[in-house]
Amino acid sequence: MIKDITIGQFFPGKSPVHRMDPRVKIVLTMVFIIMLFVADKIWGLLIGIAFTVFAYAISRIPGKMILKCLKPIVPIIIFTAVLNLFFIRTGKKLFEAGFILITDDGVNTAVFMVVRIICLIVGTSLLTYTTSPIDLTDAIERLLSPLKLIKVPVHELAMMMTIALRFIPTLIEETDKIMSAQKARGADMETGSIVKRARALVPVLIPLFVSSFRRAEELALAMECRCYHGGEGRTRMKQLKVSCVDFVAVAVTVVFFAGIIVINHLV
Amino acid sequence: MAVIKTENLSYVYGEGTPFRKIAVDNVNIEIEEGEFVGVIGHTGSGKSTLIQHFNGLLRPTSGKVFVDGEELWKDKSKLRALRFKVGLVFQYPEYQLFEETVYKDIAFGPTNMGLSRDEIDRRVRETARMVGLSPSLLEKSPFDLSGGQKRRVAIAGVMAMEPKVLILDEPASGLDPKGREQILGLIRDYHKTTRNTILLISHSMEDVAKHSSKILVMNNAQVFCYDTPQRVFHRANELEQMGLAVPQITRVFNRLKARGISIDEDVYTVDFGRKLLLERLKKE
Ligand SMILES: Nc1ncnc2c1ncn2[C@@H]1O[C@H](COP(=O)(O)OP(=O)(O)OP(=O)(O)O)[C@@H](O)[C@H]1O
Ligand SMILES: [Mg+2]
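Chains as they are written, first to last, in our numbering: chain A, 154 to 420; chain B, 254 to 537.
Simulated from the structure, these hints should not be mistaken for lab results. Just to be clear, a hint being listed does not mean it is correct.
Calculated pairs, SDA-like style, for lysine to any residue (alpha carbon to alpha carbon, straight line, at most 20 Å) [what the hints assert, rightly or not]:
| no. | chain 1 | residue 1 | chain 2 | residue 2 |
| --- | --- | --- | --- | --- |
| 1 | A | K221 | B | R273 |
| 2 | A | K167 | B | P271 |
| 3 | B | K357 | A | L361 |
| 4 | A | K330 | B | K393 |
| 5 | B | K331 | A | T344 |
| 6 | B | K338 | A | D341 |
| 7 | B | K274 | A | M218 |
| 8 | A | K221 | B | Y266 |
| 9 | B | K357 | A | L354 |
| 10 | B | K393 | A | I179 |
| 11 | B | K274 | A | I359 |
| 12 | B | K357 | A | R352 |
| 13 | A | K394 | A | I179 |
| 14 | A | K217 | B | K274 |
| 15 | A | K330 | B | K274 |
| 16 | B | K331 | A | D341 |
Here chain B is said to cover these stretches of chain A; the calculated rule only asks that three of the stretch's residues, wherever they fall, bring their Cβ under 8 Å from a Cβ of chain B [unchecked claim]:
| no. | segment |
| --- | --- |
| 17 | 234 to 248 |
| 18 | 332 to 338 |
From the three backbone atoms N, C-alpha and C, an ideal C-beta is built for every residue, glycine too.
With the rest of the complex left out, here is chain B:
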């Protein structure tokens, strides 16, 4: 069964004002459990707006959203419980930190869930370890940390709620390459250990190609396609037309193909490309 499903979902900002803007237009998708979904799309294509519907932060202008088969907004009192199922990490989440200590900040979500003190303690320590925060940092003020560390605290704060679906809006933006790699690595590890569904918004095709099992492409408020990376990057021309790139390695291989070298498969990760090349070289 799909964990997240939308039916003709549309959302309009500023209805009835001159600033009216359709941000999500008639979206129908079904996201299966355990999937690692990369969400891509040009700036302003409605990615952030779309994902905020998945845990009931935005109410659809029209259409429906189902989480775990249950319709959101049907019973408003259940909304809060549903938010614990779908964890959402906003873009630049470090600006939401507020507690005196890192520990308390990570514990904010689990405390709101009404968990026991022992359980909260276990979750805080476990997620802190998972995101690579050393135990000594837990008693520090979150405002004294570096940007990258703050980001981890914020992500841990959502992970600690152990949501069935974890959505991250550009979690690596504004970090250096090493920081990016670490953040994405910890998300992948989290996915591997928990097998929870992940939705990852990113502007980096390389990141998306490397980690996702499915890719959701948004274009002008609509879903352009939702498919495996292979099939998505196969449509390189269309992607480029809407201002998106394909991973560099895919471009390299597409050029090779254009030069008449026969390569049967679509390559979108460096590892796979290397394997393919090595095999070919061995044969020749």
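The following block holds chain A by itself, in its conformation from the complex:
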């Protein structure tokens, strides 16, 4: 159902990963992505996998969540695998039938890309699982604040993102409610052709739009009532602080990264 969407779904906890400074977490996630693409040997990739598993283990996020975040990208994974499998024509021939040619290079690349994508999604999901959306946008705002010098409206962008993130669950809940209400009136959204199903969404989308606009107006008013006037001179209640956990995390990541580079050169 619609509730299965996990983007921005925060999984509260008190693990070391949860306690890390969100800025550090974002930077390390980016390092992790680079790590995955630097690794071009199978052993290097295994280190990437180990890193992911290790991070999940200490964050105590249930394994079920891993499957949950992978579900939406299954088509992409399959697509990538098939593409690499059939269209790479270098290397040793493994199988040939008509115009289909599968080579060991193809198989290797396919496996490699699939593992890479899975690690990528699973690893980056950890960031959103262990960081509340608010912390996340806070951290992004801080990380991007140098761009203010070249007149990028960083604060406004971050605020928009905060609001958007804040209202995703509300919107999902609302969608669910309206869908239930229309289903109770006999709307049929689960069967029929695509055209019919698309049409069946009209009774859901219209009320959703109407209430979103109403909500936007109310929020704008509420913000104005509290004298919100943009980022200029605004202080924060919750200051971000880099602590011990973060240094350890950076150290661990560096070790893993170093491991991958070493392996790339050795093997």
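Since the structure of chain A is provided, determine the placement of chain B with the ligands on it from the hints.
Chain B with the ligands alone, transformed into the frame defined by chain A:
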């Protein structure tokens, strides 16, 4: 035969997440046909969750639901037909309106039922009249109506399906006293004319006491009791302990009793209380 029956019905929100919450816990009830059931319970006691099982919008985590003797969820393809038997009006139903005109919005349910055009027309006009919407409003956009009028349109939209069981989740919340009285009045009239079963969730003990023939009390996801108003309000102390009140008039009479005035019966409507008092005064 019971129109609605549940067997060990339980429902858990967010199973397998840290937000796991048992909203309905092992509920067994049987609701007879033609009954006007008031459903009460403190905030978060699981009323809304429970009633959404009665027309198959929520699938029980465990247990069974029967409507008209037929088990829900046994055959998923029959679910939609069963939804026409049990009409559900959600809390703040005005937010589900979407059509260009009031007429079309009320007709949405009956159209989904696949009725003939004449039948749809008859039902739309009849329910619009029943909920007190003047015919001139039918061609207006539902978004141009007042809150109370929108509420009526939404209720009419479900009534027009002429369900055997009509469930309303706090239909009067957020309205002024007059609006409340009108909405509840029209529900009572609907019950009188159609004799269909009604389930009415409400936070107002007065409303529930006045209209219901049976009261279902929910407490912490469980059914505390399902009985006649008289017997339910007889347990005033227990109700108050779970954060519910009894009707004001019942409290007045309970105080009188506490002061040593002998009153044999439990009073829970003002009319009955007045009658009782007048009789007593005449005797003395
Ligand atoms: N969509 C949901 N996801 C998770 N938990 C929910 C959801 N809906 C309700 N709950 C929880 O289930 C419990 C029962 O909720 P429910 O809405 O059935 O209560 P209620 O008796 O209708 O309350 P109210 O009188 O406030 O309407 C509550 O504790 C609530 O927090
Ligand atoms: Mg409720």
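Hints, one by one, checked against the model:
Distance restraint check for K221 (chain A) and R273 (chain B): the Cα-Cα separation of roughly 17 Å lies within the 20 Å cut-off, and the hinted pair is therefore satisfied. Between K167 (chain A) and P271 (chain B), the direct Cα distance comes to roughly 12 Å. Compliance with the 20 Å bound is thereby established for this hinted pair. Straight-line distance between C-alpha atoms of K357 (chain B) and L361 (chain A) comes to about 18 Å, which keeps the hinted pair within the 20 Å bound. Pair hint K330 (chain A) plus K393 (chain B) does not hold up; C-alpha atoms about 25 Å apart against a cutoff of 20 Å.
Taking the CA atoms of K331 (chain B) and T344 (chain A), the gap is near 13 Å; set against the 20 Å cutoff, the hint holds. A C-alpha spacing of about 15 Å is found between K338 (chain B) and D341 (chain A), which places the hinted pair at or below 20 Å, so the restraint holds. Among the hinted pairs, K274 (chain B) with M218 (chain A) is consistent with the structure: their alpha-carbon atoms are about 18 Å apart, no more than 20 Å. Pair hint K221 (chain A) plus Y266 (chain B) holds up; C-alpha atoms about 17 Å apart against a cutoff of 20 Å.
At most 20 Å may separate the alpha-carbon atoms for a hinted pair to count; K357 (chain B) and L354 (chain A) meet this at roughly 16 Å. Between K393 (chain B) and I179 (chain A) the alpha-carbon distance is near 52 Å, which puts this suggested pair outside the 20 Å criterion. The hinted pair formed by K274 (chain B) and I359 (chain A) fails the criterion: a straight-line CA distance of about 31 Å is larger than 20 Å. Our distance criterion of 20 Å between C-alpha atoms is met by K357 (chain B) and R352 (chain A), whose separation comes to about 16 Å.
Of the supplied pair hints, the one linking K394 (chain A) and I179 (chain A) holds, its CA atoms being roughly 14 Å apart against a limit of 20 Å. Our distance criterion of 20 Å between C-alpha atoms is met by K217 (chain A) and K274 (chain B), whose separation comes to about 18 Å. For the proposed pair K330 (chain A) and K274 (chain B), the alpha carbon gap of about 18 Å is at most 20 Å, so the pair holds. Restraint check for K331 (chain B) and D341 (chain A): satisfied, since their Cα atoms lie roughly 12 Å apart, inside the 20 Å limit.
By the rule of at least three residues with a Cβ nearer than 8 Å to a Cβ of chain B, the coverage given for the segment 234 to 248 of chain A is violated, with 0 such residues. Counting residues of the segment 332 to 338 of chain A whose CB falls under 8 Å from any CB of chain B gives 6; the rule of at least 3 is met.
In terms of the numbered hints stated before, the structure departs from hints 4, 10, 11 and 17, listed from lowest to highest.
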